[in-house]
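So the sequence lines, in the order shown, correspond to chains A and B.
Be aware that the first sequence starts at 0, since it is given in numbering that gives the first Met the number 0, and climbs by one per residue.
Be aware that the second sequence starts at 0, since it is given in numbering that gives the first Met the number 0, and climbs by one per residue.
Keep in mind that the hints were calculated from the coordinates and are not lab data.
What follows is a list of derived Cβ distance ranges for each label pair:
1) A:Gly547 - B:Lys444: 50 to 56 Å
2) B:Asn231 - A:Gly547: 37 to 43 Å
3) A:Lys803 - B:Leu193: 50 to 56 Å
4) B:Glu241 - A:Pro407: 25 to 31 Å
Covered stretches of chain A, as calculated for chain B (at least 3 residues, CB under 8 Å):
5) 533-543
6) 575-584
Ideal Cβ positions, reconstructed from N, Cα and C, are used throughout, including at glycine.
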Amino acid sequence: MNINLQLVGCLLLFLGMSHFSLAQEAQVRGKVTEEGMALPGVSILVKGTTQGTTSDIDGEYKLNVAPSSILVFSFIGYATQEVNVGDRSEINVVMIPDFTTLDDVVVVGYGTVKKSDLTGSVSSVKNEEINAFPAANVMQALSGRASGVQVKQNTGAPGAPVSVRIRGTNSIQGSNEPLYVIDGFPYTGSNPTIVSNNDIESMEILKDASATAIYGSRGANGVIIITTKRGKAGKTTVDFETSYGVQTIRKKLDLMNAEEYMQFYNEQAVNDNLAPYFSQQEIDNAGEGYDWQDLVFTNAPIKNTNFSVNGGSDKTQFSVSGTVFDQEGIIKGSSYKKYSIRAYFSQNINKMLSLDYGATLTKNSIETRNSSGGNRGGSMIGGAISAPPTLTPYNDDGSYTVLATAYPFISNVLINPLNQINEQTSESEANIVLANAALNFMPIEGLTLRIYGGVENNDSRSNNYTTLNYINSQGSASVSSSRNLSLLSENTLTYSKVFADRHSLTALIGATYQDFSSEFLNGSGTGFLSDITESYDLGSAENPGIPGTGYSYSVLISYLARVNYSLDNKYLFTASMRTDGSSKYSDGNKWGYFPSAAFAWKVKEENFLKDVSAISELKFRTSFGYTGSQAIGAYATLNQLNSGKTVFGDALYNTFAPGTTLPGNLRWETTQQADVGFDIGFMQNRLILTVDAYIKNTKDLLNTVQLPSSLGFVRTIQNVGEIQNKGLELTADALIFDSDFKWNVNANISFNRTNVVKLYGGQDILGGSVNVTFINDNTSLLREGEQMSVFFGYMNDGYDENGKEIYKDLSGAEGVPDGLINQFDKAIIGNPNPDFYYGINSVMSYKNFDLSLFIQGSQGNDIVNVSAIGNTLDYGFGLNMLKEVYDDHWTPENADAKYPVITRNLNMRYSDRLVEDGSFVRLRNIQLAYNLPVQNLGIDWLRNLQIYGSGQNLLTLTKYSWWDPEVNSQGGSNAIGQGIDHYSYPTAKSITFGIKVGL
Amino acid sequence: MKKLLSIFCIVSLLFSCQEALEENPKSLAVETFYNTNAEVEAALAAIYDPLRSDNAFGALYIAQLEAYTDYSFGRGSYGILTTFQGLDGNNEGRTQSMWNQFYLAIRNANIVILNVPDGANLSEEDKLKYIAEAKFLRAFVYFTMVKNWGGVPVRTEANMTEIEIPRNTAEEVYELIFEDLAFAEANLPGVAPLPGKPSLWAAKTVLADVHFYRQEYQQARDKSLEVISSENYSLVPVTVAEDFEKIYGPTVVTSSEEIFYLKFSRLSGSEGWFFVQFIHHPGSGLFGGGGYYAHYSDVVANSTLASMDRDDLRFQLWYPWNIGLGANSVLSKKFSDPDAAGGGRTAGNDYPFYRYADVLLMYAEADARASGSISSDAMEKLNMVHRRAYGYDPNMASEVDFELADYSAAMFYELVIKERGYETQMEGKRWLDLKRTGQVKERIKAATGKDVAEKHLLWPIPNSELNFNSLIDPATDQNPGY
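Kindly generate the complete structure, drawing on both the sequences and the hints.
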């Protein structure tokens, strides 16, 4: 935040607190320091007046004041101090960093507010927490840090996006990801990977309607405001941090060895009346064979280096930083690299004008080796556990073993994982620019006109190549490039004033325009003479693919207004209104209106509580408002023709026809949210509790309505349906010891229930489709009255006399059990939504040592283990199995075995057998740091030096049987298919060492 | 004053916003299309798109029908079909996908039939030609559907926007088929403008087949004879089994035998015939991208193949391959493309909906059944196909010829049905051909020893229709057994 704006804010706050006094004035001078270092830019005000100054670059100030005056020293991030002048002419002040977070200023939409004046529900996460351990994506760092924020790691692949749910899921059709606002710019990317974690000063998570309604049609999923670092006037500081870590797979699955594999499949052959596949001699010579996990997974380094320079003068402040992040994946060949340069400048042009300018340039490049999912070993990760331990990756001549034909009984799609790792490359790169500039004009006291403009441009390209050495390949290449550009213009006018000492008012009005354009171009080809050209000579392909291009453009025009009013600093009112006009909707439905109101009562300021020392803070908050979600893409309401190709003779011809979705007349999804909460502090805020309860109703839900397929159109989209989220969030922040030994614990826990209230015609919506041939079903559904996307399948009822699984006959076509097992016998068999999720952060420091622990967990969520179908049940295709299957399967002597009889003639269904408890508690990070006592050693050129060692995910407690419980194969964009593990890239654990140096 | 400035900014935005919120996609709109020849030809081409989909003739349809014949077995998820006990959930899902694609094709045909009469820049002659092509395809799709599902909802240009319509009877479906084919026969060109497009001879062939399927043998005979008499078509000569590549091979653009095919191409790597991947083993290299070997046979366990003459070159289209199901398993290489560039839609082979051989055999059987006796012409047509399969000139008498004197009419029917079975292997025709005779249960029992369940005779009306169309009652309108 610009320091001048801070000053204006401080002025307003202290105006009217005491009466103006006139007395004999004398000069006072002094120096403001922090830990012996000069602290410039500190505001020094004569209490009750507008008279004041700021400390200069050497931390010094002078001021003419009356002896009876009280000087107020304030600076963001430090405790405000009041000093009686008396007869002193020199007053030196040591500013103390502020640990009591309630006095922080938090960034809210289109402005800032003191945390103590918040009326809404906003969580703040600071730089130290975000940078506790190296993470490719800042949202991974946010996991467990704030109540109400659920971060779902979809896969462990380097650079893979995470999905974030703030207070549950609101939409079926549309995105459920929050809006990210980076330095004022509503970012269009799904994860804010443009920003380096080290560059973030703070993140504010806006959760209730009073906070999010100012973002109107983009506010329904919550808003995360990211503020990057700012320079401060004074000595220029240089910070350098570098870390090196090694990631390893958290655990391996215990699979059959070669001998067991042979015996297992011989048993299958015998059970299926076939001759045994392997002779006793072969079995005797088999031994252990290969564990393909060892061939696929590797130890992978992760390197992070960050360099930043901050500083400035009264006139100009700057912050410039650069980051190199380099992560290799635990699957060979996969990697994520990020290079980022960022700058932020503020210039005070004159008393009335100031300028802010920020720009970030980031290059992300991802090399993926995460071919996941698939059936019968048909993906690389599937192949890694399905490949027979009896086979080697290479033939004697060095060529790749073709696993799919190695045995006559083997899966015909089984991939040799090393063949794919080495011979298929898939790399994507993005160059992202985010630049913004603002001119702030303060013509009169309290009035600010801010003219803000920004641009976000993402140029991406992906290159995929399959070499001639890939099995059954003649070389194939595809490339695609795209550009997403968003332009923003925002004009806001803010006015703040205190009337009659007790009425404090801040009013905001604004108009914004943002457009979003996207274009893409892709091309492909198959049949190459040589691998040398990779994907860079598509023209030489024997069969060039059909190139594709596309375009889309949409506009959002908005008007916004907000009033914050406080009476006697006890009663706080906020009201806001935003209207959004979007080009995506049809005429008559383009505009939406999103009002909100909130009230807070600072009970602590009341006389009856003022002198109760045990309670240092008490505030009640309540809010209500509306937010929206756009949920559709551009042109979704138009009757467009799609192009395609067909063949006549041996040539391609164009086709044009409508798609299979019948366009409808659509409007916004609207979310109504009520929130009540309180903040309470004890013992000088050594313990602070924040509690919030909320209820959200999303109406006019855009919903896919199935049409009879004989219409040719199989679906349309309509505004029907309703979802409700309600929940409770608690945060506690405790400073347990505050002496030489310091111990701070911060904990949060969130409970959320997402209920499906209404669907079109009461129809269930099935989703989470899983087709692994052996089992082909929808795992999940939405049903009125049930929680969101619960698992829906058959119920296992033991084995029949032949060891084949049987199912409970729950119902039938007539509503009663009918002796048949069919769709009527499916029931709700699990729930991917946690009962609660939580995070606990503990920071201890003693002398020069810091020890921090960060624990995170999720309780009560289930996972459908689709991977287990292939490697514990599908016995007909030569796939390797968990050793447990070998040890404990049905035989006439072992009738209550965990797994059924070993035969290729099983006809199994999607049942509760596949649903597992996905709860976990995880030691996300543990770190021990040593701070070199530079002051004591008299090293004056060094500000600080820290070396640390840390471990990530070193300990995980879970009952989940597969690699890792943090998994979500169908990703965040699919509202229904949640909590599914289908050969996902496993999450790693790691050990990291690093050094931080400050000059 | 500065406040004024900002108000000015806001006001200036207001003026432009109505215009700014208009959508101008860079794409074509339904409302302004179907006016020029190029536009209508692209709209017509879009009828073929869903038919060529993996979910229809591109793979699933033919893969389904090849899993329950008298000469082949399904494997893996297709194995259950070989029991002739109806569809499991997986295969019900597949027939649903086909239903959806077929109706998408019908919709695209209806769009052409509805809009072309108002086309601004079209000659009356062209309009008739275009509508004829759309109606031909609509009839072809409905014929495919009525054979497999029985009566289905009849969607035409007249009711294409009604959300819910009832299920029609099979007879009502045939009414539309005949009406459309009559129009097509009268208005399609004598020569297909491109291989893969219908000519009036294609319309006559389909018409003959519809009559044939309905056991209307006189009409079937007459229409097939018209096609034969046109002398537009001839059998491609074959001397060794490899010569069948000249008919079924991936690089054949068209042949003298082609009446109406669904065309595929290696071009672009995504317009090939997916089905080819279903029938091969990845180790054989006969499909470049691998293979599912979802269909196989057994030269001992399968009575049809066991009894097939080893000198019949069509028998040599089966190759032995160990797929872990015994020593005698064979796979078909009738449709092969070793040079297909990778998995999926990369094979260049075409789907032969109607070959001249079909018409000859159809004529032979229809002629005999219509008259109750064997004409020498009918016997000659059968022999043409038979000779060619042994490497002889189709038009010259040979030592493998059947002699008129050796056969009664009833024996002749059986002879032709057997020959049809050999000739159309892996073309997705056999099951329907056996059903046509009205004796499918007996014939399957005789060939395989298996009983055909009643529910196996028709596919179920899919959930994608039943669940969302209240005019079709799942209790009373569903096919038997589902």
